[in-house]
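S.K.: Below are the chains, spelled out letter by letter.
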Amino acid sequence: MSNPTHLQYTEEHEWLTEAVDGVSTVGITAHAADALGDIVYVQLPEVGDTVTAGETCGELESTKSVSDLYSPATGEIVEINQAVIDDPASVNSDPFGDAWLYKVKVEATDKLLSAAEYDAFIKA
Amino acid sequence: MSPRLTALDALHRSLGATMTDFAGWDMPLRYGSEREEHLAVRTKAGLFDLSHMGEITVTGPQAGELLDHALVGFISALGVLRARYTMICREDGGILDDLIVYRTGETEYMVVANASNAQVVLDALTERAAGFDAVVRDDRDAYALIAVQGPEANGILASVTDADLPGLKYYALLPATVADREVWLARTGYTGEDGFEVFCAPADAEHLWNALTEAGAPVGLVPAGLSCRDTLRLEAGMPLYGHELSTDLTPFDAGLGRVVRFDKTTNDGEFVGRKALEAAAAQAEANPPRKLVGLVSEGKRVPRAEYDVVSVDGTPIGRITSGAPSPTLGKPIAIAYVDAAHAAPGTAVAVDVRGKHEPVEVVALPFYKRAR
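Residue numbers (UniProt numbering), protein chains in the order written: chain A, 1 to 124; chain B, 1 to 372.
Everything labelled a hint here was simulated from the structure, so no lab data went into it.
Do not rely on the hints blindly, as some may be mistaken.
Said to hold, decoys possible - No more than 27 Å apart at the CA atoms, straight line, and that leaves these computed lysine-lysine pairs for DSSO-like:
no.	chain 1	residue 1	chain 2	residue 2
1	A	Lys64	B	Lys44
2	B	Lys291	B	Lys44
3	B	Lys169	A	Lys64
4	A	Lys64	B	Lys275
5	B	Lys169	B	Lys44
6	B	Lys369	B	Lys275
7	B	Lys169	B	Lys369
8	B	Lys275	B	Lys356
9	B	Lys169	A	Lys123
10	B	Lys169	B	Lys275
11	B	Lys331	B	Lys275
12	A	Lys64	B	Lys291
13	B	Lys291	B	Lys331
14	A	Lys123	A	Lys111
15	A	Lys105	A	Lys64
16	B	Lys356	A	Lys64
17	B	Lys44	B	Lys331
Computed from a prediction, not measured in an experiment: that's the story for all the values here.
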């Protein structure tokens with residue numbers, strides 16, 4: 001799956017949308033979902049939590065392993081995707097779409113990559 | 001050191017497999033979704049490349065006596081063309097590896113060791129062969145190994161061989177022609193399903209893989225990787241070396257004392273580890289320290305290997321050896337060694353999942369048993 005060009009990316013394999021009214025949507029990339037294998041459990045931060053760019057804010061558990069979820073941005077969580085918690089496998093099937101993870105009111109971000117830069121990063 | 005490649009390496013890559021380093025081999029972890037591969041083996045069939053397994057041939061007039069001396073099983077009592085699950089132990093009773101031994105002839109056996117232990121087993125057998133009229137031969141490069149496992153396995157094999165499959169019992173083998181190639185065809189496997197393991201020349205592996213793929217396509221056969229192999233064997237309650245078995249444990253610690261045969265009539269009943277294993281048997285009978293049990297979780301978080309098992313009041317009582325989400329049961333399962341006082345099925349305990357105590361219930365193994 002190619003990486004949508006309208007998103008920005010981190011080296012920890014999250015994507016985030018350009019902010020609308022200061023709020024960005026965050027998910028993990030198809031590359032990350034594929035590397036993890038079948039995802040069986042997703043733990044997300046809660047609405048109202050403050051997350052910090054580059055720090056862990058949740059967990060993704062697959063058949064074989066458990067991985068930390070990092071936040072690409074610093075800010076307050078304003079919405080989480082309950083559908084993903086209820087159906088973790090959707091992260092494998094639609095990582096850039098229905099399986100977004102949470103929305104954050106962005107105060108600052110980590111170093112972000114364009115789709116082309118992220119492509120180059122995962123191929124390196 | 002660069003990893004070893006099986007004869008099917010190019011084929012796995014052409015199928016888009018995610019490859020992983022396993023015991024020094026580059027092996028297919030999964031081709032697509034490991035959950036779908038798992039369910040295909042349970043309901044239809046899966047095709048596995050197991051060429052990393054270590055084949056060792058033991059041949060000669062005293063091959064059986066040598067194996068009776070070197071292993072814990074009564075190997076010379078095995079019928080020709082039959083197979084046996086057994087173990088090789090140290091003098092102190094610690095498990096060096098678990099093995100399948102196939103009797104391929106009156107005076108010839110094929111010992112199949114785990115990839116990670118193949119050299120250790122080869123060295124031990126070679127050393128223990130001193131004084132016996134038998135030869136231990138490293139045949140790791142002589143064989144590729146392909147497994148077809150699942151309820152459709154029998155029909156798939158039947159379409160590519162004239163071998164007497166109805167006469168081929170579980171834990172037996174035959175020299176056979178499969179898809180015009182000479183192989184050893186064994187009714188063994190490690191998934192809890194009916195199935196076959198095909199030992200062939202590496203040069204024939206790709207031809208056989210393709211023939212089996214074609215024969216299996218109409219009934220839903222899929223290529224299956226090591227990831228689903230692990231969840232399949234876990235559901236079937238089968239031990240895995242390095243998880244449930246190790247040099248720190250005897251077969252009696254692992255609840256597999258039945259594989260130790262003190263009644264051997266060869267070598268005056270002596271074998272490597274006998275004294276220590278007799279003591280381990282007595283200890284297991286009188287006062288088992290820990291027992292191997294199954295755990296089932298009602299939660300979503302997965303109890304994994306090395307996590308602590310705790311009692312409901314939080315006291316550590318054991319350790320997980322393997323754990324995974326079970327595709328068949330739809331909930332997380334694990335195998336653990338727990339203190340005997342907490343080992344009864346139905347006991348409520350908990351697992352320390354990264355600091356949080358997740359409730360689990362002790363259950364009898366296996367988690368899954370196929371309908372016969």
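S.K.: Each hint: holds or not?
M.R.: Hints and how they fare:
For the hint pairing Lys64(A) with Lys44(B), the CA-to-CA distance comes to about 23 Å; that is within 27 Å, so the pair holds. For the hint linking Lys291(B) to Lys44(B), the alpha-carbon distance of about 34 Å lies beyond 27 Å, and the restraint is violated. For the given pair, Lys169(B) sits about 34 Å from Lys64(A) by alpha-carbon distance, which is inconsistent with the 27 Å threshold. Between Lys64(A) and Lys275(B), the direct Cα distance comes to roughly 39 Å. Violation of the 27 Å bound is thereby established for this hinted pair.
Annotation: proposed proximity of Lys169(B) to Lys44(B) holds, straight-line Cα distance about 20 Å (limit 27 Å). Our distance criterion of 27 Å between C-alpha atoms is broken by Lys369(B) and Lys275(B), whose separation comes to about 35 Å. Under the criterion of a C-alpha separation no larger than 27 Å, the hint pairing Lys169(B) with Lys369(B) is consistent with the structure, at around 18 Å. Of the supplied pair hints, the one linking Lys275(B) and Lys356(B) is violated, its CA atoms being roughly 43 Å apart against a limit of 27 Å.
For the hint linking Lys169(B) to Lys123(A), the alpha-carbon distance of about 49 Å lies beyond 27 Å, and the restraint is violated. Restraint check for Lys169(B) and Lys275(B): the C-alpha separation of about 34 Å exceeds 27 Å, so the hint is violated. For the hint linking Lys331(B) to Lys275(B), the alpha-carbon distance of about 42 Å lies beyond 27 Å, and the restraint is violated. Between the alpha carbons of Lys64(A) and Lys291(B) the distance comes to roughly 25 Å, so the proposed pair stays at or under 27 Å and holds.
A hinted pair counts as satisfied when its Cα atoms are at most 27 Å apart, and Lys291(B) with Lys331(B) qualifies at roughly 22 Å. Proximity of Lys123(A) to Lys111(A) is assessed by CA-CA distance (about 19 Å); at most 27 Å being required, the pair is judged to hold. A hinted pair counts as satisfied when its Cα atoms are at most 27 Å apart, and Lys105(A) with Lys64(A) does not qualify at roughly 33 Å. Simply put, Lys356(B) and Lys64(A) have alpha-carbon atoms about 20 Å apart, close enough for the 27 Å limit, and the pair holds.
Between Lys44(B) and Lys331(B), the direct Cα distance comes to roughly 21 Å. Compliance with the 27 Å bound is thereby established for this hinted pair.
Checked against the numbered hints listed earlier, the structure breaks hints 2, 3, 4, 6, 8, 9, 10, 11, 15; every other hint is satisfied.
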